[in-house]
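Novice: Following the hints, put chain B in place on chain A, whose structure we already have.
There are 2 protein chains.
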Amino acid sequence: MNHEKALQAVEQLMIKTVESDVEVLQDASRHILAAGGKRMRPRMTLLAYEAVGGVAMDTALPVAAAVELVHTATLVHDDINDHGVMRRGRQTINAIWGRTFALLTGDFLFTKVYTLMAPYGDLNIIFAEMTAALVEGETLQAAAAKAGKLDRETYARIIAKKTASLFAGAAKLGAMLGKATPQQVEALYQYGFNLGLAFQIVDDILDLIADSEKLGKTAGIDLTQGKGFATAMATNGNSVHGSVAVAEAQEEDPAAAFKRKLLQGNYIEEGWQQARQLAAFAKMQLEILPPSAARDELARLTEAAVERDY
Amino acid sequence: MNHEKALQAVEQLMIKTVESDVEVLQDASRHILAAGGKRMRPRMTLLAYEAVGGVAMDTALPVAAAVELVHTATLVHDDINDHGVMRRGRQTINAIWGRTFALLTGDFLFTKVYTLMAPYGDLNIIFAEMTAALVEGETLQAAAAKAGKLDRETYARIIAKKTASLFAGAAKLGAMLGKATPQQVEALYQYGFNLGLAFQIVDDILDLIADSEKLGKTAGIDLTQGKGFATAMATNGNSVHGSVAVAEAQEEDPAAAFKRKLLQGNYIEEGWQQARQLAAFAKMQLEILPPSAARDELARLTEAAVERDY
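Chains A and B, in that order, give the protein sequences.
Heads up, the first sequence is in this note's numbering, so the first residue is 1247 and it goes up one at a time.
Heads up, the second sequence is in this note's numbering, so the first residue is 1247 and it goes up one at a time.
Here chain A stands alone, though its shape is the one from the complex (with noise of 0.2 angstroms):
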């Protein structure tokens, strides 16, 4: 099975997982699922399985299924949180069946994660755990939005915990599924949080530079909850209002006012930069592979996390 078409296999076991006689479960959750996304993480899994010398690649789908789908769950939640109105180019879960149902949608979405990985033994362990720490980075994300502050340590905290530790795991358990050494695990453990990292700084990035259309997201949401990496950069642990309150002395809009700051400093650059070394440490981590076309692909996708505009 082809690397495509493992991917496609992937997108028909999410669709069947979330089968329910309870409708609006069902039709919220193939809502986000036939939205598509960058399919990343379950990439991750598939490629580090096959990379490691994998052969039965019909063992590491449910395993790509999960991680995809325990990161959709999230995004479901983060909508409630956000009061986000746009996701991969549709209208939010939230948006469309109001929030009770957009929260019950995402435990919904938890708990099938745990129907695809019961036949997985111990490697429930390690899913739970990436689990746990994706979880606590959105809580120490919402806690210091809510203080207003965001130091450059606590932002790093974050995107380790949100995003670095579902990347990493999500290549360990392809690795792990694949009887890779223990050598080989740590690799691309490493690969895909350093991976993670990049990632997510270019993603804070974006949201701060790109528009809505292309992010197929609503974009700026970042800024004015006091999240992302330029928010970081730019403030350092002083107050995100305080900015804004100069600005509104001066009777300009305090988000464009803030935003101007941002892109003035020379923060963006800085951001890329980081990225761009991170996905270089990512790739470095390769080298501990056999040569084959996965290893290629997961080099690939070390370019593609940091050269993109969307």
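Treat the hints as calculated values from the structure; they're not laboratory data.
Using N, Cα and C, we set each Cβ at its ideal position, and we do this for glycine too.
Any given hint could turn out to be false.
Partial chain B-side listing against chain A, Cβ under 8 angstroms, derived [stated by the list, open to error]:
#: 1; residue: Glu1265
#: 2; residue: Met1303
#: 3; residue: Lys1358
#: 4; residue: Tyr1360
#: 5; residue: Ala1364
#: 6; residue: Ala1374
#: 7; residue: Thr1377
#: 8; residue: Ala1378
#: 9; residue: Ala1388
#: 10; residue: Ala1389
Specialist: Chain B in isolation, oriented as in the chain A frame:
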């Protein structure tokens, strides 16, 4: 290890499981855990394990803790959707920390459940299915409340999914862990299922007739939200809002008017009857088990579930 000691060990395990360096998650989780509760579900897991001859109680503790934690996760999310401010005699997480952190705390508890269950192999399939049913039941309930209609059949379906499936699963998991015969597993499943139905009917009646202080949570929410046994019995699919409209025309408080209507009918008594019958059926299932203190305690639970005023 006797039963009460095992239950204390479950409490300690739950407290330990929600450890996190993200303070708000740990604080909020421990806030609701420390409030206690009847702990019906973990009791059933432990007692079922013992009643079928299980001797290594330590192996049943994480499963009992997981069952109670998944129940707790849904309570936390319920309180968001219902705007509940009191739970188990304490302020809800929602009321203290706000909606965003309540949502994330519920998610955190869901993920921690699977950390506990990770070592239990195929039991995870049962666990995941039971949890999915639980979320489906909550969703059916929200859909009926939104439509302002609740017929008896839908009510039965809701409580089967949202309560009975978890009670049934709790007992079944204990039985399977204790290496029960297939007949014993089935009997304990039926025991839990029927006891769960009875328990929920009584809960719904108490929501209507008891006061908030005794219940430890805000009473009467179900009625105003078009939920619960009495609502289903009295309206049987007709619009709750219709009954309320009549009251409004008569310049009477709508909820009070509807409550008066319910209390005048035979609905409450009918509910008690049904609950007692279901509890008796649950008790009957225990006959397949050899006599033991655990079996006696399981029998006592069937009485405690229906003969209570909070």
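Novice: Does the interface hint hold: is Glu1265 of chain B within less than 8 angstroms of chain A, judged Cβ to Cβ?
Specialist: At about 10 angstroms, which exceeds the 8 angstroms cut-off, the nearest Cβ of chain A leaves the hint on Glu1265 of chain B violated.
Novice: For the hint on Thr1377 of chain B, does the least C-beta distance to chain A fall short of 8 angstroms?
Specialist: holds (4 angstroms)
Novice: Does Ala1374 of chain B pass the interface check with chain A, least Cβ-Cβ distance below 8 angstroms?
Specialist: This interface hint holds because 4 angstroms falls under the 8 angstroms limit.
Novice: Report holds or violated for the interface hint on Ala1389 of chain B, using the least CB-CB distance to chain A and a cut-off of 8 angstroms.
Specialist: holds (6 angstroms)
Novice: Would the hint on Ala1364 of chain B be counted as holding, given a Cβ-Cβ threshold of 8 angstroms to chain A?
Specialist: Check passed: Cβ of Ala1364 of chain B comes within 4 angstroms of chain A, closer than 8 angstroms.
Novice: So, Ala1378 of chain B near chain A? Judge it on the closest CB pair being under 8 angstroms.
Specialist: Since chain A brings a Cβ to about 4 angstroms from Ala1378 of chain B, closer than 8 angstroms, the hint holds.
Novice: Next item in the hint list is Lys1358 of chain B. Is there a CB on chain A closer than 8 angstroms to its CB?
Specialist: holds (6 angstroms)
Novice: Quick one, is the Tyr1360 of chain B hint okay against chain A at 8 angstroms, beta carbons?
Specialist: With a closest approach of 4 angstroms, the Tyr1360 of chain B hint holds.
Novice: Verify the interface restraint on Ala1388 of chain B: the C-beta must sit less than 8 angstroms from at least one C-beta of chain A.
Specialist: holds (5 angstroms)
Novice: So, as I understand it, the hint says Met1303 of chain B touches chain A; can you test that by seeing if any CB pair is closer than 8 angstroms?
Specialist: violated (22 angstroms)
Of the numbered hints stated above, those contradicted by the structure are hints 1 and 2, listed in ascending order.
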